[in-house]
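Student: Single-letter residue listing:
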Amino acid sequence: MAITLTKIAAERVKAFLDNRGKGIGLRLGVKTHGCSGMAYVMEFVDEIEEHDKIFESHGVKIIIDPKSLVYLDGTEMDFQKEGLSEGFKFSNPNESGSCGCGESFTV
Amino acid sequence: MALLQISEPGMSTAPHEHRLAAGIDLGTTNSLVASVRSGNATTLADDQGHHLLPSVVRYLKDGSVQVGQSAQTALTKDLQNGIASIKRLLGRSITDVKTLDGVLPYEFVNTNSSVPLIHTIAGDKSPIEISAEILKTLKTRAEKTLGGELKGVVITVPAYFDDAQRQATKDAARLADLNVYRLLNEPTAAAIAYGLDQNQTVDEKIIAVYDLGGGTFDISILRLNRGVFEVLATGGDSALGGDDFDHAIAQWILQQLKQATPDDNRQQKIKKLRQIMREARRVKEALTEAEEVTVSTQGFEGILTRTQFVALVEPLIKKTLFSCRRALRDAELEKNEVMDVVMVGGSTRMPIIRERVGEFFEQPPLVDIDPDKVVAIGAAIQADLLAGNKPDSDMLLLDVIPLSLGLETYGGLVEKIIARNTTIPVAKAQEFTTFKDNQNAMTIHVLQGERETVEENRSLAKFTLRGIPAMVAGAARIKVTFQVDADGLLNVSAEEQLTGAKSTIEVKPSYGLSDTAIESMITDSMTHAKEDMQARKLREQQVEADRTLEALDAAMATDGDTLLSKDERKILLEARSALVIAKQSATTETIDAAIKNMEKTAAFYVARRMDGNIRTAMAGKNINKFKD
Numbered sequence: 000m001a002i003t004l005t006k007i008a009a010e011r012v013k014a015f016l017d018n019r020g021k022g023i024g025l026r027l028g029v030k031t032h033g034c035s036g037m038a039y040v041m042e043f044v045d046e047i048e049e050h051d052k053i054f055e056s057h058g059v060k061i062i063i064d065p066k067s068l069v070y071l072d073g074t075e076m077d078f079q080k081e082g083l084s085e086g087f088k089f090s091n092p093n094e095s096g097s098c099g100c101g102e103s104f105t106v
Numbered sequence: 000m001a002l003l004q005i006s007e008p009g010m011s012t013a014p015h016e017h018r019l020a021a022g023i024d025l026g027t028t029n030s031l032v033a034s035v036r037s038g039n040a041t042t043l044a045d046d047q048g049h050h051l052l053p054s055v056v057r058y059l060k061d062g063s064v065q066v067g068q069s070a071q072t073a074l075t076k077d078l079q080n081g082i083a084s085i086k087r088l089l090g091r092s093i094t095d096v097k098t099l100d101g102v103l104p105y106e107f108v109n110t111n112s113s114v115p116l117i118h119t120i121a122g123d124k125s126p127i128e129i130s131a132e133i134l135k136t137l138k139t140r141a142e143k144t145l146g147g148e149l150k151g152v153v154i155t156v157p158a159y160f161d162d163a164q165r166q167a168t169k170d171a172a173r174l175a176d177l178n179v180y181r182l183l184n185e186p187t188a189a190a191i192a193y194g195l196d197q198n199q200t201v202d203e204k205i206i207a208v209y210d211l212g213g214g215t216f217d218i219s220i221l222r223l224n225r226g227v228f229e230v231l232a233t234g235g236d237s238a239l240g241g242d243d244f245d246h247a248i249a250q251w252i253l254q255q256l257k258q259a260t261p262d263d264n265r266q267q268k269i270k271k272l273r274q275i276m277r278e279a280r281r282v283k284e285a286l287t288e289a290e291e292v293t294v295s296t297q298g299f300e301g302i303l304t305r306t307q308f309v310a311l312v313e314p315l316i317k318k319t320l321f322s323c324r325r326a327l328r329d330a331e332l333e334k335n336e337v338m339d340v341v342m343v344g345g346s347t348r349m350p351i352i353r354e355r356v357g358e359f360f361e362q363p364p365l366v367d368i369d370p371d372k373v374v375a376i377g378a379a380i381q382a383d384l385l386a387g388n389k390p391d392s393d394m395l396l397l398d399v400i401p402l403s404l405g406l407e408t409y410g411g412l413v414e415k416i417i418a419r420n421t422t423i424p425v426a427k428a429q430e431f432t433t434f435k436d437n438q439n440a441m442t443i444h445v446l447q448g449e450r451e452t453v454e455e456n457r458s459l460a461k462f463t464l465r466g467i468p469a470m471v472a473g474a475a476r477i478k479v480t481f482q483v484d485a486d487g488l489l490n491v492s493a494e495e496q497l498t499g500a501k502s503t504i505e506v507k508p509s510y511g512l513s514d515t516a517i518e519s520m521i522t523d524s525m526t527h528a529k530e531d532m533q534a535r536k537l538r539e540q541q542v543e544a545d546r547t548l549e550a551l552d553a554a555m556a557t558d559g560d561t562l563l564s565k566d567e568r569k570i571l572l573e574a575r576s577a578l579v580i581a582k583q584s585a586t587t588e589t590i591d592a593a594i595k596n597m598e599k600t601a602a603f604y605v606a607r608r609m610d611g612n613i614r615t616a617m618a619g620k621n622i623n624k625f626k627d
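From first to last, the protein sequence lines stand for chains X and S. For the first sequence, the tail end lands on 106 under numbering that gives the first Met the number 0, and the numbers increase by one without skipping. For the second sequence, the tail end lands on 627 under numbering that gives the first Met the number 0, and the numbers increase by one without skipping.
The hints are simulated quantities; they were obtained by calculation from the structure and are not laboratory data. Treat the hints with care, since some could be wrong.
[Said to hold, decoys possible] Derived lysine to aspartate or glutamate pairs resembling DMTMM-like cross-links, with alpha carbons at most 25 Å apart:
(1) X:K88 with S:E278
(2) S:K389 with X:E10
(3) X:K13 with S:D367
[What the hints assert, rightly or not] Short, incomplete list of chain S residues facing chain X, as computed with Cβ under 7 Å:
(4) L2
(5) N39
(6) K143
(7) G147
(8) Q266
What you are looking at is a predicted structure, and each value in this text was computed from that prediction instead of being measured. Think of the CB as a built atom: it goes at the ideal place given N, C-alpha and C, for glycine as much as any other residue.
So here's chain S without its partners, still in its complex pose (with noise of 0.2 Å):
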């Protein structure tokens, strides 16, 4: 017999209809999955009792799969074929994954597919791959633990993951027959974890989420503002963490060590440092307890108090700090205007991470619920919220893009479809009409940012419409739609609305931005406000000058030689000329006179053209037709 829940008023469901759904906090040592029941979000153990479940995930020769702890104990032995920290390498290229610190352990195959492959006994495997094994185990934990098939999940990300990084993990989730509500940004869940984003007294709060986990560091400014969370900054390290500060008692250890014994071999060498690795983490773990801790490796006794190990991590919290600061500079924003700080990661456990954190911000850091699960925590609300257990009442947290999506118009202009800090998901539609007469294909260039001009503006993909019927030049008519989903992933389509002819494209860029790049492209865009517009004038001007030589040669093609005479076609053709150059001038008065000039010039033939189409239009017809 199955075991029941407890639903939110009215929100109880038929049998065999519950909507169960999980958080997964997918990381780069360990994964979490966490679920949301009788009103209780609490992280799922498998059933040994273990929350966390690392990372790794080894192949075996006879193509099964080991992901977890025997994974993880099995590393050392089988390098190979045992894979840790895969997010990583989630969603990067070939070239990227070249430029990443250190060598890592993997054979990479060479092919000429921009994803990396790693060699195992058990054949060639994406990051995606990959990344999906740790999601299967994780499902299968959770739909033990719920008794049930899941029907979505949400699935965290580090907020500075690339689009790419995030289709990436959409993947590795299809691959591992998850449905995605939707990616939350980690910070952003740790926030929702604390119920920071139910606190309605104020409009708008900041709050600063610092993550340190094994391996990295990050840093994450956020804004709350009406149940909207923006991430104004990141930073960190992502080659600093809780294992740095293991690396500083090992170190202390090995000085202790150094005058006692002999060099040994390569061998004893790699296999002594391996316990006093171990050794170190215990002592540091021991020291959130307890004031100082007997240290006990190789034959070395001694005691390393909380104070000793402070002066040996300082340098590391030091760094930690720093980044802090420099986020806060990003944000533009100070010290006394961070109303919560957050703190994530096991190695937050240690008390003067604590303190010191506490200290720079100028208040106690959030610490009550476990900050190994509080991601997971987070992203189990979320899960909860979108599977549509709760009552309506409850606020659904939304992002936002953060920087404007339009697309190049004629001339090298951008014009804006979506503005920057829409919250997502989000659709628009804009109509645009072709440029010449009988234009039958239009192309599409999709831009990402806050400048007026193409050149200024990041170019995110380019596609053509073709199929457009002969028409005069702006008489088509093509409706472009810009759509970004819950993930920020965005979906370009352009139809003809005439014959339906439609292209789309889904952009996935390969780079995506960083969050200072972000920021610098929304300061230039400020700082270059004058000479954008001056620049948009221009362009403007141009493209009015090309449209008025376009329309002249045109017409002039088709009556030209009937309507003018030789005297009148020399008129027109100067003014025509000095248009030409006209336009190159870069001062929009100059064009402007010219296409005056132009137009004064030409109106005796416009009336001319005007009257001979009338008379073409009524040749043979009965008066009493154009009564009504």
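Chain X with its partners taken away, still in its complex shape (with noise of 0.2 Å):
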């Protein structure tokens, strides 16, 4: 089981832990909402719970509860631009369809 950054994504995510000058990490997770039935989520980190699994990807800690990594597992996030806007992308091989926006996803 794994859940993997791109060495971009890498790098912003510790550049913003920086910049917020706290947290451990970066949580991934899934919670049961949105258009298409799940939708992802993204927090910083400044604790960890009691079940969570820790990876750890281009020296950055990624934190999930074990309830989301059945849906995440063997995702990768990518950092990416598109136009004016910027942000992460997460490629889900457990990902069977999605809604047009893409925030949330179908298994």
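Could you fit the two chains together into a complex? Lean on the hints.
Tutor: This is the structure in structure tokens:
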């Protein structure tokens, strides 16, 4: 089981954490919400919860709860620019369909 | 597929419910928009990578609008329809505009409206509409960049902006279809960008914000007290900025040129001058990095060293420091009480400015954040907080109202409803009553200031509540509510509690108070404290006398004929005239004595009436009915 970041995504996360001045790493997760079933969650982490799994990718700690891991296993997260907009993007092999905006998905 | 951003722990939102927020620095020369993404506040660039949007709007014949660089470029050839520096006119009345320094190149429309209208090829435009165009452009840029609709924005305004100017800024935002969380003072935004409000080690600190822009200079002295920013003093010069530094260099170039060239005609002169100004600006900017720069224009070749440059602009720097000194004096502070100095505005990049400001405040100023962007960044941080993207534990910063707000009560006295230095937003209500029997209307006179009498305070607004049902004096209950929103705008409402009759006014005074005026109003209230107290006492006695007279007259009108003998009437009327005369006197003691005398004289009459009332009330009723 693994979750990875691309190098550029890892650099951005590191920069954001430095800028924030605190935080252990990045929490990824899913919650059942959104127009297409599931939605991705991406948060800074100040505290690690009891059952959390921790991965490390390019020096960035990725924290994930076991329930979410089922849906996210094998995911690679990238940082991209699209026109004026920039942000993170998930490539999730478990994803079978997503809504037009891509903010939520189904497995 | 949408690109995602990292949220604070526990703050991630459902899809399509991202609370996108932005901070907008609506500047005189340039405007910017910034936003917090993945915990990082940055200004947003347009598709060509430019962050600064020149605050220039140009109207075209077909009704379309250009904003920014393209409008600025066209400015020289289309002066009538290209509008720059509209911020100087925002929220100003026609009379204000006429007194503004210099002649504005616009054609103002003669109207009865109090708002100046500029005639353009696409119709007559108000400063609010023109500002809205700039805001619309920034809104579009932000929504493209953030990938969604903006939930709300924080817009910055100069600390000295009065209520009318603030309201006009909000109106412009409404026109641009923006939801304004709040307006934020520019110096406060700069202080937030540096996180000065996050330092919890001291309870209170003084911050100086030195803002030297393209065409304006502002110095603000702020006090930060447990997360609350208060503007203690502002100063500056609305006609001093980086352009004047360019001008100083241009003058020098002209002097060097003088001997060499013959007089040109007017057209050539203007063209030449413009080129010299452009070269002067280049030289100034180059001198930020280099110790000396080669000047080359109009056939003149020479070298300008940094030392020479400093000599040229010395008077300008001195002028800004003089304003700093005066602002400190207004705030009644010493230089060494200032704990942080924040630099804002592109012109503070000049090393000499940093050096001299540092020397003046005896500490190195804060310069790490791009001085062009620092205000927008602070606004973005605040907008992110207000949008609810941060956990509750993060402090929310507040402002305070500078002067007490109150209303006129009988006798020309002021009842303060909201005290000075109360943090906003705030709402306070107080109940008032009628003074006369069957009084069916009440005038609410809203006042601002610290003094005790109406004349000594500033009148903000007046409105009348009608439809009060007929009742004896003092029986009606009228609830007056003062509400000040986050931008310091006041809303006053009066409601009669029995019938629900209601009347409301929003206060947008056409003239605001300068900080010096506020300062002097506060000091006046202190120096005149004693005589104000005397005045209040006297007025209160006079009101008391009126009330006594009123009561006597009312009583005598109802049952004077039946209850009083001719002699008794005479005695009462004598005491009454004595009280009327005493009321005119300027001493509280005389009035007090006359009131007491009146009450004593009338005691028998009061007793007789009371008996009469009870008798009437009990007439024809069984004694058992009164047992419980």
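Student: Each hint: holds or not?
Tutor: We went through each hint and held it up to the structure:
{"no.": "1", "hint": "X:K88 with S:E278", "result": "violated, 47 Å"}
{"no.": "2", "hint": "S:K389 with X:E10", "result": "holds, 23 Å"}
{"no.": "3", "hint": "X:K13 with S:D367", "result": "holds, 20 Å"}
{"no.": "4", "hint": "L2", "result": "holds, 3 Å"}
{"no.": "5", "hint": "N39", "result": "holds, 5 Å"}
{"no.": "6", "hint": "K143", "result": "holds, 5 Å"}
{"no.": "7", "hint": "G147", "result": "violated, 9 Å"}
{"no.": "8", "hint": "Q266", "result": "violated, 42 Å"}
Hint violations for this structure: numbers 1, 7, 8, all remaining hints satisfied.
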